[in-house]
Structures are given as C-alpha cells and as structure tokens.
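Following the hints, put chain Y in place on chain B, whose structure we already have.
There are 2 protein chains.
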Amino acid sequence: MTEMSTIRDVAKLAQVSVATVSRVLNGNGYVSHNTREKVAAAIKQLNYRPNDVARSLFKGRSKMIALFVPDIMNPFFPELARAVEDMTTQQGFTFVLCNTDDNLNKEMAYLEALKQKSVDGIIIVSSTMTAEYMENFDIPAVALDRIIHTNISSVTVNNREGAKEATQYLKDIGCRRIAHVSGPEHVSNARQRLKGYLDIAQKSEWFNYEYIEQGEYNFEGAKKATQILLTKHPEIDGLFVANDLMAVGAIKAAESLGLSVPDQLSIISFDGIKLGETTSPALTTMAQPIYQIGARAAEMLIKQVEQNEAQTLVEEFSVKLIERDSTRKKGENQ
Amino acid sequence: MTEMSTIRDVAKLAQVSVATVSRVLNGNGYVSHNTREKVAAAIKQLNYRPNDVARSLFKGRSKMIALFVPDIMNPFFPELARAVEDMTTQQGFTFVLCNTDDNLNKEMAYLEALKQKSVDGIIIVSSTMTAEYMENFDIPAVALDRIIHTNISSVTVNNREGAKEATQYLKDIGCRRIAHVSGPEHVSNARQRLKGYLDIAQKSEWFNYEYIEQGEYNFEGAKKATQILLTKHPEIDGLFVANDLMAVGAIKAAESLGLSVPDQLSIISFDGIKLGETTSPALTTMAQPIYQIGARAAEMLIKQVEQNEAQTLVEEFSVKLIERDSTRKKGENQ
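Each protein sequence line maps, in turn, to chains B and Y.
Taking the numbering used here, the leading residue of the first sequence gets 1, the next gets one more, and so forth.
Taking the numbering used here, the leading residue of the second sequence gets 335, the next gets one more, and so forth.
No lab work stands behind these hints, which were simulated from the structure alone.
Ideal placement from N, C-alpha and C gives every residue a C-beta, glycine not left out.
Check the hints yourself; a few may be wrong.
[What the hints assert, rightly or not] Chain Y side only, calculated, beta carbon under 7 Å to chain B, not exhaustive: (1) Ser396; (2) Asp420; (3) Val430; (4) Leu431; (5) Cys432; (6) Gln450; (7) Glu466; (8) His520; (9) Ile562; (10) Val639; (11) Glu640; (12) Gln641.
Looking at chain B on its own, in the form it has when it is part of the complex (with noise of 0.2 Å):
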C-alpha cells in the first residue's frame, strides 16, 4: 500500500482550500458542482481516504451491529435508532437498521441474513421473539425497549411506574373520569403501562373497565380508540395513552368531536418524542430517557461483543413527566 494521502494533498491537487475539501466530505456549506468534481477527481487519484474508513480498513474486516425495531414509522424508534447509531459508529461499528412489523418470520430471515453477513452483534426490540430462538443463532443480542427473557441483557424503563404516575398527574390536577388507551396486549411494555393506570384507576369509585381502548400503538388505532371513549361515555376528562404517537391521534379524535384540549380532556402520554413539542397543544408526557437507553444498550453489546462478555445485566431506567400544554394546570377552573 502507498503511503497514506491526507486532506492537504487533496486539497493541494484539486487546487482548493482545505475548508472546501472538509465542506465536500461534510457536506456542510454549498460547493459548485465543477469543484466538487474536481475534488473527487483529486480523491480519486490520490486514493484518499478520510479516517472512518481507513479505520475500517485497518481493522481487516468491518465490524457490525443491527438494530431490530418494530415499527419504524413511529417516530420513537428512530430516536432511539440515533443514539445506537451514535455509540456503534463512535465505536468503529457499522450500524444498519432492520424493521420487523413485530413479526417473527421477519426477524428469522433477518437474523439468519445478517448472520451470514458475519454480523456481531444485535440490539432487538421485540414482543415475539424468545430467547430459544434467539439461542439458535448464537449471536450477542441486548433487548431494548422490550424484555426478551431474563437470559439476554436488556435497557428498559420502569413502565409501570411511569403509567401509575401519568394517571396520578391527572387526578392531581383535577380530571374526575380518567380513561385510557392502551397499546397492544402482546407488547410487556403496553401490559405494564396498562398496569399502572390499573393501579391507580381500579381504587377509584368510578371505575369502569369500558374506560379502557386498544389503539395498536398507533395514529389511526388510537384516533379510533379515543372516538368510542368519549363517545359512549362523554364524562370522560382525562385521558393516560401509552405513547406519544397515539396522543397525537387522541388529540385528532378530540377535535373531531368538537373536544377543547385540555380546556374539556386533559391529555398524558408516554414516551417523551420530539413529535410531542412540535403538536398543537404539546404533550404533558411521562419522557423516557431514550438517547440513554439507546446508547446504554449499544455500549452494553460493544462489550459483549468485544469481551465475549457473557454477563447478563437487567437495567431499568427512570421516565419523567414533562408538563406541556394537553392537561390543563393544577387548580386551574374546569
């Protein structure tokens, strides 16, 4: 191999500064396309290679991880995404994504894939896959989000917790009928939230369990979901949904019928998206650390795989209520 090209000696031949060089590798700033060309060529030439890619050169072979989420149109999974991706790449890993609908035959032919391809490691968001499948493929695997079996590592949050703790907000601040939609009965995460609110709900004198709604975890499911609530029972004042995104399809729904939030419905939710900030009213939400929990499960896998660490850690993070505009205030006038 010749000896190693730097930035200078590109910058030298296409006969451009150094800064225009960095603004064509960052893609920062505008460069014309004639310079960019000429740069390239220089490149090219030189066979320059900016440093992530000489480490993975140097390293012989490129090293892996995979994460598995379930849904990535929720935008809560490309947050957590960003923050694998940071600590991996951070690390001299590749990162790729895999979505898998929830879907065991998808995660399958996933890790059978990605097995081949010599991956080393996977950080799993799952409700269907079990730790005898997982055993087969031998992999180093952390579940995040979700817990797999008490033999694999996993990043999670004190979902219960969170759920008792939202529902408790809302009768803090006044709501006398509180309701809920609750995210698919298969996914732990959903049956935990769904237990918090239970903790609180069922001591309550108005209890009903026809205060409770599946809305899949989605827009469309929880939009749905929140029409039949506070249609068959109008008393309904507050609402505990188990994720930001099916809040926003709650606030839909209220509106729909013509619903003051929070002046007649105060709205709490789950997650702590940056989705959440950016709604009309912005949402009162029990906020999980998520870039934490992102980078914990990455940094908890790195050492699997490069210590062939066979430790099992179990960690569970703390959510935190963030007050924004979908309840009203405490004491406020109803």
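For chain Y alone, kept in the frame of chain B given last:
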C-alpha cells in the same frame, strides 16, 4: 491472525473432494446430510471463510440491499424506507437502512463496510456522493430523491414545477406577500424548490430577497427562519416551506408570535408525509408519491442486481397538491 484456510484444507479435513465442498458452499447438486455435516464441521474447525460465504451457502436468501438516508429523524425517510423495504423483502432480499447525516465520510465508510459484507445493491439519498466515488465501489446503485449524476439511475420528483405550483397556489388564494423557507443550499432538491418559488415570486412587484430564509430542512431551523421572516416582515401573509417537517416549525413560529394560521398566514409545504395530517392545522402540501418512488427505486435496483442490467434510467414523478387547513380557502375574506 492465523493463516487463512483454503477450500482444499476443508476438503482434506472432511475427507471429501473439493467439488463436494463447493457443492455444499454453492448449494447446488445433491449432497447427503452426513457429508454436509462433515463439511460444515471442517469449515467451523478451520474457521474457513469464503469471500461471499453468505451468498454461496444460502443462495438466494442472503441477498442484501441497503438504503442510505441523510436524516432518519425526518419522517419522510422512514416512509420512503417502508416502501423500499416492502419491495425488496417481497423479492427475497434482506433490507437494511443506513443513516448517513449527509456526510460523505459516513457514506464512504458504509459503502466500504457493506461491500465487505457483499451487499448486492444500494439505494442512495445523498447530496454529497458523486459518481466518481460511486465508481470506486462498483456496486449496483440507484439514486433516490436526489440525482447524483446522469450516469446513475435515479428516481426523483418534479421539484421545481411543484414549488412553482405551490407558490402560485398562495397567489391564487389571495396572498399578497409570499416568503420562502428553503432547504440547505447543497441539497439539489432544495435548490430546485427555491428556483420554483423564484419562478413565480420574481415576477411579482413585491418580490424581495429578504423573503427567503434557510431552514436546514429541520424543525428548529425552520422555526427560527420563520421567526426572522415574520418579525422583519410582518406584511408576509403566505409562506412556501420547502418540506413538511419545516412547516411544523413554521406553524410553531407563527403561534409563538401570536399569528393565526391560516387566517393571518397561509402555509403550504412539500412532501406529503403522514405527519402533515396530524398537525393542527393539518398541512396543505405538494405531496410526493412517496411509496411509489421508493418502490420504483427498489424495483430498478433489483433489476440491475439480478439481470446485470447496465442501462441508466432517469425517472421523474409528479407531485400533487393536497389542500388541508394551513392555507385559507380561495375567496375567503382576509
């Protein structure tokens, strides 16, 4: 690292012919279960790794296609990914998603790593990649959303025409001062959308270059850009925002200044992502056929991969106006 084993070493240890090992690796011709197990054991013991171990062991099942996107946090890209995934999965390919931050360093590292993993083809949304870089890697590729070079097949939309139509729409509903929140200069479709705006705006007597602010194609950038526009130029009553994600920021900016959308400010944007249905008010937008372009790019790539088809195809789809609530109705009082 120990010396690399060869196919001959495997054959010798397994006490079979090289042709038999090759049959096992390539999955063609009959090999008894016993022999297959012996070969597998020898491969494992010698840690033998054929270059494309995956492809040869499980022909047809380990083919992989990757999609490069610049910003996984913009919901446009998960929607696009959904389409590419559906088409590639349906055709028996494994689909992985890579987030590049529109950073050439990351793009090159991904290309390098995926080439090592014998990726079969790549669909790439990029503003930094050039044809010259791509040539180094010699992997079938299709450009999506943004043209890379006339040598590389591409699927895009008529950005300039769509932007013209959006700006004209604001004029038609009675807006008298129309501003533009643009995307980054280095992104070709952002430049096209700016040109489309200028096609209409520059012909108007009120036109002013101060009516253009750059919003970085993200929520925060657009919020700031809109605040600047509306503060400096309170006469603005129409806003063409270069993508939907930024339009959400623009609505928030208007809200923060006490301006009502659409009564005092009409906002039209571009993309047609699902998020636009969920905002309050819901977005009027020039909708791309997102699913269609993603699926079409995948289809093109698969043809290239499977038929070694070298023909360069350049396809441009049309965007379509969707009228919702962020623009006032034609003929309404102002």
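Hint check results:
The restraint placing Y:Ser396 at the interface with chain B holds, with a minimum CB-CB distance near 4 Å, inside the 7 Å limit. Proximity of Y:Asp420 to chain B is violated relative to the hint, the smallest CB-CB distance being about 10 Å (cut-off 7 Å). Of the supplied interface hints, the one on Y:Val430 holds, with its beta-carbon coming within about 4 Å of a beta-carbon of chain B, less than 7 Å. The beta carbon of Y:Leu431 is positioned within 7 Å of a beta carbon in chain B (closest approach about 4 Å), and the interface hint is therefore held.
Proximity of Y:Cys432 to chain B holds as hinted, the smallest CB-CB distance being about 6 Å (cut-off 7 Å). Hint status for Y:Gln450: holds, given a least beta-carbon distance of 5 Å to chain B, under 7 Å. The beta carbon of Y:Glu466 comes within 4 Å of a beta carbon in chain B, closer than 7 Å, and the hint placing it at the interface holds. Look at Y:His520: its Cβ gets to within about 5 Å of chain B, closer than 7 Å, so that hint holds up.
The criterion of a C-beta within 7 Å of any C-beta in chain B is not met by Y:Ile562, whose closest approach is roughly 19 Å, and the hint is violated. Taking 7 Å as the C-beta cut-off, the interface hint given for Y:Val639 is violated, the closest approach to chain B being about 15 Å. With a least beta-carbon distance of about 17 Å to chain B, the hint placing Y:Glu640 at the interface is violated under the 7 Å criterion. Of the supplied interface hints, the one on Y:Gln641 is violated, with its beta-carbon coming no nearer than about 22 Å to a beta-carbon of chain B, more than 7 Å.
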